[in-house]
Amino acid sequence: MSGSDMTFGAELRPVSEEPKPAVRWWRLTGDSLFHAAAVFAALIAAAALFATVIAIAYDSRLSIETFGVWRFLTSSEWNPVTQTFGAFPFIIGTLVSSAIAMVLAVPVSFGVAVFIAEIAPSWIKKPIAGAIELLAAIPSIVYGLWGLLVFAPVFSSIEPWITQYFGAIPGIGLLFQGPPAGIGMLTAGIVLAIMVLPYTSSIMRDVFLIVPSSLRESAYAMGATTWEVAWDIILPYTRSAVIGGIFLGLGRALGETMAVTFVIGNSNMISPSLLMPSATIPSVLANEFTEATTPLYLSSLIYLGLILIAVTLIVRFLAVLLIRRLGRREGASA
Amino acid sequence: MSIVSKSRSGRRLWVAVLALAISGVCAAADSTITGAGSTWVYPLVAKWSEAYKVKTGTEVNYQSIGSGGGIAQIKAGTVAFGASDMPLKPEDLKAAGLIQFPTAVAGEDLVYNLPGIKPGQLIFTGPLVADIYLAKIKKWDDPAIAKLNPGVKLPNMDITVVHRSDGSGTTFTFANYLSKVSPEWEQKVGADTSIAWPTGIGGKGNEGVASYVQRIPGSIGYVEYAYILEGHLAWARMINKDGKVVSPTLKGFQDASAHVDWSKAQDFYVILTDHKGPDTWPISGCTWQILRKSASKDTNLAVMKFFYWGFEHGQGMAESISFGPLPPSTVAAIKAYWKNELGYTI
Chain A
0 MSGSDMTFGA
10 ELRPVSEEPK
20 PAVRWWRLTG
30 DSLFHAAAVF
40 AALIAAAALF
50 ATVIAIAYDS
60 RLSIETFGVW
70 RFLTSSEWNP
80 VTQTFGAFPF
90 IIGTLVSSAI
100 AMVLAVPVSF
110 GVAVFIAEIA
120 PSWIKKPIAG
130 AIELLAAIPS
140 IVYGLWGLLV
150 FAPVFSSIEP
160 WITQYFGAIP
170 GIGLLFQGPP
180 AGIGMLTAGI
190 VLAIMVLPYT
200 SSIMRDVFLI
210 VPSSLRESAY
220 AMGATTWEVA
230 WDIILPYTRS
240 AVIGGIFLGL
250 GRALGETMAV
260 TFVIGNSNMI
270 SPSLLMPSAT
280 IPSVLANEFT
290 EATTPLYLSS
300 LIYLGLILIA
310 VTLIVRFLAV
320 LLIRRLGRRE
330 GASA
Chain H
0 MSIVSKSRSG
10 RRLWVAVLAL
20 AISGVCAAAD
30 STITGAGSTW
40 VYPLVAKWSE
50 AYKVKTGTEV
60 NYQSIGSGGG
70 IAQIKAGTVA
80 FGASDMPLKP
90 EDLKAAGLIQ
100 FPTAVAGEDL
110 VYNLPGIKPG
120 QLIFTGPLVA
130 DIYLAKIKKW
140 DDPAIAKLNP
150 GVKLPNMDIT
160 VVHRSDGSGT
170 TFTFANYLSK
180 VSPEWEQKVG
190 ADTSIAWPTG
200 IGGKGNEGVA
210 SYVQRIPGSI
220 GYVEYAYILE
230 GHLAWARMIN
240 KDGKVVSPTL
250 KGFQDASAHV
260 DWSKAQDFYV
270 ILTDHKGPDT
280 WPISGCTWQI
290 LRKSASKDTN
300 LAVMKFFYWG
310 FEHGQGMAES
320 ISFGPLPPST
330 VAAIKAYWKN
340 ELGYTI
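Chains as they are written, first to last, in numbering that gives the first Met the number 0: chain A, 0 to 333; chain H, 0 to 345.
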């Protein structure tokens, strides 16, 4: 990839540097203007990110001074009456709901992508891919309303069954206790999984389609099944792109606000059961920002926002690390 | 030729647009009042301002950004009035150079979902509700509930507590009432627009709470009066401070206000929960408007005129959307308060 870039540049540079009398003065100015505009646009984007982080950190200083970092991260008391604030239940809620979403969405995305890339007859590929991509176009508030008004009632009739069968298993059973309200951590995770699906599946599908057909066809010629081709040929070939797609979806799940607020049940308490209500950082912000009447309260909410940014950055960092490490291992084995 | 004529007509268009824009700005500057704050009072201000514009030409531009935002905006002086569901303490008002007055009364009630039990059939007391929300009473056939409701067949069902997840004046009023009637609630939980709930699930907005209660058998929640009128939910009767069993009515909310001696209450810092009176509804609430003392007389007068017009002529409109108009005695007290605090009144 990088090699071909170099040859491209090497071919082009002398051509563009050749003095061309035919070029009008305004074309040169136009080009340098475009150059400046592109640099400016790039700088603006970077500056906006930095300015946001700095502004959020600045506005949360009152809470940072009052509670410090460690105490705020580990305290599970969030009480506007006593003006004591701690982020722990919301950090847990954010991470667990997103984890549920990924556990559900990744296998389905893989299935969808393999179906479109390998199995589906060509006339059905486009409609299915289109339908899944349309999922991404639905506003998140619609997912929230759908989750609350359509999915939760159905799910609440399934929950007693889940509690009866899964709840009886020692150990794991703790995850499936509680009243069948239809809302809670698991509902939020399922709704998030549907929202994340178009992102992960369309990236997987795109990269699966660029796997050289010589590779695939030689595997089929060796008598490999579709599963073996997908798992042993396509997936290793596209691994880093697939992981990138998964983390893109995870990023979306971590920051999702409205849909989660509607279906997670909004309780500040940490419960081992996935059927119990919980809360995430974005959902608390959405719920409490408008009526936060004291400076410390408001500052603590903004502090939560800062922590969400940190969580997202850490997740991104881990993704890059993982891709690099896998890349190195692949290099070593090859 | 054609270019010239085009540019000329273009210029004429621009002049026209500019003139329109300037006249628009002037008109707006003459007769627009801006306010921001409480989402609870928004339907009332919207309804009043629509009629007020037709009557006087003055436009009221109200943004329902929440009480916290309303207080911040009026402190910063970016709006002419701020609206809050929770009154500011007199010392806070003084420190920030603000005044406040009530707008209208409202109320809320408990709703429940129990098979076979009709709206208005169950009777609660404040301490009982506090114990339910403290998770001390966990079953519907608890003796404490059965004692208040002889003859009602209560099921052996778990109680699922539902509360508001978003910060809200409704929560503040509810928690304030529980603090007044239950020492344990006051000590463990207290009252604010958001509180640390000992138990339960949180629904966003009145709609969220109503939809949870409608769906979850054995649930109990609290919603504004308007949601009870819709008729989908079974609501409770309460025993008030006088020991009488009452149903929620606009008159019950107004009685709460009528039994307050507003002339003695500094800066109207009175919460309408748990007041005396045989018909008084115990979980009554109020919303407040906040003005800046240092704002120009014209600005403040414009706001005062608008609300005074609402007090006098907007009563029917208020009732149509389940707000109780302030009793005449309260309106008189507001007028005297303006004179006293600002040195002028309408």
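Quick caveat, the hints were computed from the structure, so don't treat them as lab data.
Any given hint could turn out to be false.
What the hints assert, rightly or not - Okay, the calculated beta carbon distance ranges per label pair:
no. : chain 1 : residue 1 : chain 2 : residue 2 : range
1   : A       : Ala167    : H       : Ser246    : 31 to 37 Å
2   : H       : Pro118    : A       : Leu321    : 41 to 47 Å
3   : A       : Leu134    : H       : Gly242    : 53 to 59 Å
4   : H       : Pro118    : A       : Leu144    : 38 to 44 Å
5   : A       : Ala56     : H       : Ala335    : 58 to 64 Å
As the list claims (entries may be wrong) - Derived, one-sided and incomplete: chain H residues facing chain A with beta-carbon distance under 10 Å:
no. : residue
6   : Val53
7   : Lys54
8   : Thr55
9   : Thr57
10  : Glu58
11  : Asn60
12  : Gly68
13  : Asn155
14  : Asp157
15  : Pro197
16  : Gly201
17  : Gly276
To be verified - Which stretches of chain A does chain H cover? Using the computed rule of at least three CB atoms under 8 Å from a CB of chain H, they are:
no. : region
18  : 31-37
19  : 50-62
20  : 128-142
21  : 145-158
Values in this document were obtained by computation on a predicted structure and should not be read as measured data.
Quick reminder that beta carbons are idealized off the backbone N, C-alpha and C, glycines included.
Where does the structure disagree with the numbered hints, that is, which hint numbers, in rising order? Those not satisfied are hints 1, 2, 4, 5, 6, 7, 8, 9, 10, 11, 13, 17, 18, 19, 20.
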